[in-house]
Amino acid sequence: MYSASDLRKGLKIEIDGAPWQVTDFDFCKPGKGQALYRCKMKNMISGITMDKTYRANDKIDKPTLEERDFIFSYAEGNSYIFSDNETYEEVRLDGELLGEQKWFLIENMDCKILNFNGQAIDVTLPNFVDKKITDTEPGVRGDTATNVTKGAKIDNGYEIQVPLFINEGDTIKIDTRTGEYSERVSKS
Amino acid sequence: MQSLSTLQLRSDVLRLIRTFFDGRGYLEVQTPVSVETPTLEDYIDAIPADDRWLRTSPELHMKRLVQAGHPRLFQIGPCFRAGEYGRRHRPEFTMLEWYCANAGYRDILQETQGLLQAVAAGLGRPGPLPYRNTTIDLGTCEIRTVRETFAKFAGADAAALNTTEFDRLLVETVEPRLGRDCPFYMIDYPAAMAALARTAPADPSIAERWELYVAGLELANAYSELVDPVEQRRRFEACADRRRRDGRQLYPIDENFLAALGAGMPPTAGCALGIDRLLMVFADTDDIADVIFE
Chain A
1 MYSASDLRKG LKIEIDGAPW QVTDFDFCKP GKGQALYRCK MKNMISGITM DKTYRANDKI
61 DKPTLEERDF IFSYAEGNSY IFSDNETYEE VRLDGELLGE QKWFLIENMD CKILNFNGQA
121 IDVTLPNFVD KKITDTEPGV RGDTATNVTK GAKIDNGYEI QVPLFINEGD TIKIDTRTGE
181 YSERVSKS
Chain B
189 MQSLSTLQLR SDVLRLIRTF FDGRGYLEVQ TPVSVETPTL EDYIDAIPAD DRWLRTSPEL
249 HMKRLVQAGH PRLFQIGPCF RAGEYGRRHR PEFTMLEWYC ANAGYRDILQ ETQGLLQAVA
309 AGLGRPGPLP YRNTTIDLGT CEIRTVRETF AKFAGADAAA LNTTEFDRLL VETVEPRLGR
369 DCPFYMIDYP AAMAALARTA PADPSIAERW ELYVAGLELA NAYSELVDPV EQRRRFEACA
429 DRRRRDGRQL YPIDENFLAA LGAGMPPTAG CALGIDRLLM VFADTDDIAD VIFE
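Order-wise, the sequence lines are chains A and B. Quick note, the first sequence lines up with residues 1 to 188 if you use our numbering. Quick note, the second sequence lines up with residues 189 to 482 if you use our numbering.
Honestly, the hints are just simulated from the structure, not real lab data. Incorrect hints may appear among the rest.
[Claimed, not checked] In the BS3-like style, the derived pairs of lysine-lysine whose C-alpha atoms are separated by at most 27 Å in a straight line are:
{"hint": "1", "chain 1": "A", "residue 1": "32", "chain 2": "A", "residue 2": "9"}
{"hint": "2", "chain 1": "B", "residue 1": "340", "chain 2": "A", "residue 2": "40"}
{"hint": "3", "chain 1": "A", "residue 1": "9", "chain 2": "A", "residue 2": "40"}
{"hint": "4", "chain 1": "A", "residue 1": "12", "chain 2": "A", "residue 2": "102"}
{"hint": "5", "chain 1": "B", "residue 1": "340", "chain 2": "A", "residue 2": "153"}
{"hint": "6", "chain 1": "A", "residue 1": "42", "chain 2": "A", "residue 2": "102"}
{"hint": "7", "chain 1": "A", "residue 1": "32", "chain 2": "B", "residue 2": "340"}
{"hint": "8", "chain 1": "A", "residue 1": "112", "chain 2": "A", "residue 2": "12"}
{"hint": "9", "chain 1": "A", "residue 1": "150", "chain 2": "A", "residue 2": "173"}
[What the hints assert, rightly or not] Residues from chain B that keep clear of chain A, each with C-beta distances beyond 12 Å, as calculated:
{"hint": "10", "residue": "232"}
{"hint": "11", "residue": "318"}
{"hint": "12", "residue": "384"}
{"hint": "13", "residue": "417"}
{"hint": "14", "residue": "473"}
Built from N, CA and C at the ideal position, the CB exists for glycine as well.
Excised from the complex, chain A in its bound form (with noise of 0.2 Å):
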C-alpha cells in the first residue's frame, strides 16, 4: 500500500483493479484546511486519464507490475511474436498494444515487457533504432541549417519526416519514443 504522501509523478498505482500512472501532482493545502493531493491520472492499459484527489490518511494500492526482458522473434500478420532470452518462452502480442512501436521492431531486438498480473501491457524498444530510407524525393544539397523537412518512408512503410538532404537508401536513426527522426547514420 501506499499513502498519500508517496504520490508523486510518475507512481504507478492500482485502482479498482487497474493500473494507473500519476501524469501530473499537485500538493494543496487551503487556508487552515487539509492536506489535499491532487494527480492526474492516465490508465496504463485503456490509456484515458482522468482527476483524483486525495487525502492526507487515504491509502492506496500498489499494481503487482513485474517487467521482463525478451528478444524481439518475428512478425506473423498483425501478431508480434517475442521470446525469453532465457526460458525460450514466447509472448505473442497484437498491433494495438504496440502502437507505434510496431514499425521499430527488427528482428532479435532487446525489448522489456511489463506485465499486470500476468498481462502485458507495455512494451519499451531501445531510445534509437536505426532504418533504411526507401522511398523519398531526391535530396537538396546545401540545406542543413534550416529545420525544413520532407516527406519519407522506410522498409515497413513507416512514414517519416526527415531533413531535405536525406536520399533513398540512407540510414537514419529514429527515437523510438517520439517516432521522429534523429540524425543520419550512413549515405547511400
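Start from chain A and add chain B according to the hints.
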C-alpha cells in the same frame, strides 16, 4: 532556482514592507523560533527541534506582546510546517505577521490592500500587474463572503458542507477562480474553520476571518482575534481531542498565552501573509522554487 533578479526583488519587497509599517507606527519584533507549545490547529503539524518545536507561526507570542501593551507589532521571519511540500509550499517559509489593537478584520483588510499597493508602487510597478496569463489590478479588490463565493463559483451552500467537502471543493473548483482581475478577499468563514478568530457579534455561526487570493494563489489569512480566555481554552481542548482522534501529535496548551488573555486583551486584528507567495506574484511564477534559495 532563484535568480539574481528574485534576490533583488526579495530585498526590495522586505524593505518596502518595513517602510510601510514603520510609517504607520508599527514596531518590528522578533519572537522565539523554537517554542515549547506550537499553536494547536487541526491540520498544522510542527517540526521537532531537540526538546522543543519550530514555530508554525509567531501568533501566540505576538498576541502576548499586544496584551503587554504594544498595540502595533509586525514580524518577518521563518516558520516551519511538517510535510508541506509542493509548488506553493515548503516546510520552511517566510511569514509576515502583524497585529493591530483596537481594530477588526475589516480594518486590517484595508491595511493589507494598502500594503499591496505600497509594495507595487515602491517596486515601480503601480499599474496592472501581469501574472499567469491574466492581469491583476492592485488598485481595487473584490470582497465576498464564503457563502457568496461558494454559491457563485461552485453552486454550493458552504454552510451545508462538512470540512472535507468544503476543502475539496475549495481546492478543486473555487480557489483557481479567485482573484483573476484584482485581489479577492473571501470573508466570514463558518465558525468551525477559525480556531483563533472571534465569532461575529450578530451571528455566532460566522467567524470574523478572511483569506486573500491573487490569481488563485492564497496570500494571507486574517482574523478579528479571539480574546476570550475561556472560549479560547475550550477551542484548544476541542482541537486537541480532534488531533488525538486523527492520530496527530499533541502539543501542550500554551498557558502563558491563555494567562495573557485572562489578564485582559484589547480587541485586536491580526494578519499573516506569505512573503514567498507575494514574491511569486511579482516574479510572475507559479513555482515557489523560483523565489527561494535552497
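Against the structure, the hints:
no., hint, result
1, A:32 with A:9, "holds (26 Å)"
2, B:340 with A:40, "holds (26 Å)"
3, A:9 with A:40, "holds (9 Å)"
4, A:12 with A:102, "holds (24 Å)"
5, B:340 with A:153, "violated (55 Å)"
6, A:42 with A:102, "holds (22 Å)"
7, A:32 with B:340, "holds (22 Å)"
8, A:112 with A:12, "holds (17 Å)"
9, A:150 with A:173, "holds (16 Å)"
10, 232, "violated (7 Å)"
11, 318, "holds (23 Å)"
12, 384, "violated (9 Å)"
13, 417, "holds (21 Å)"
14, 473, "holds (15 Å)"
Of the numbered hints stated above, those contradicted by the structure are hints 5, 10, 12, listed in ascending order.
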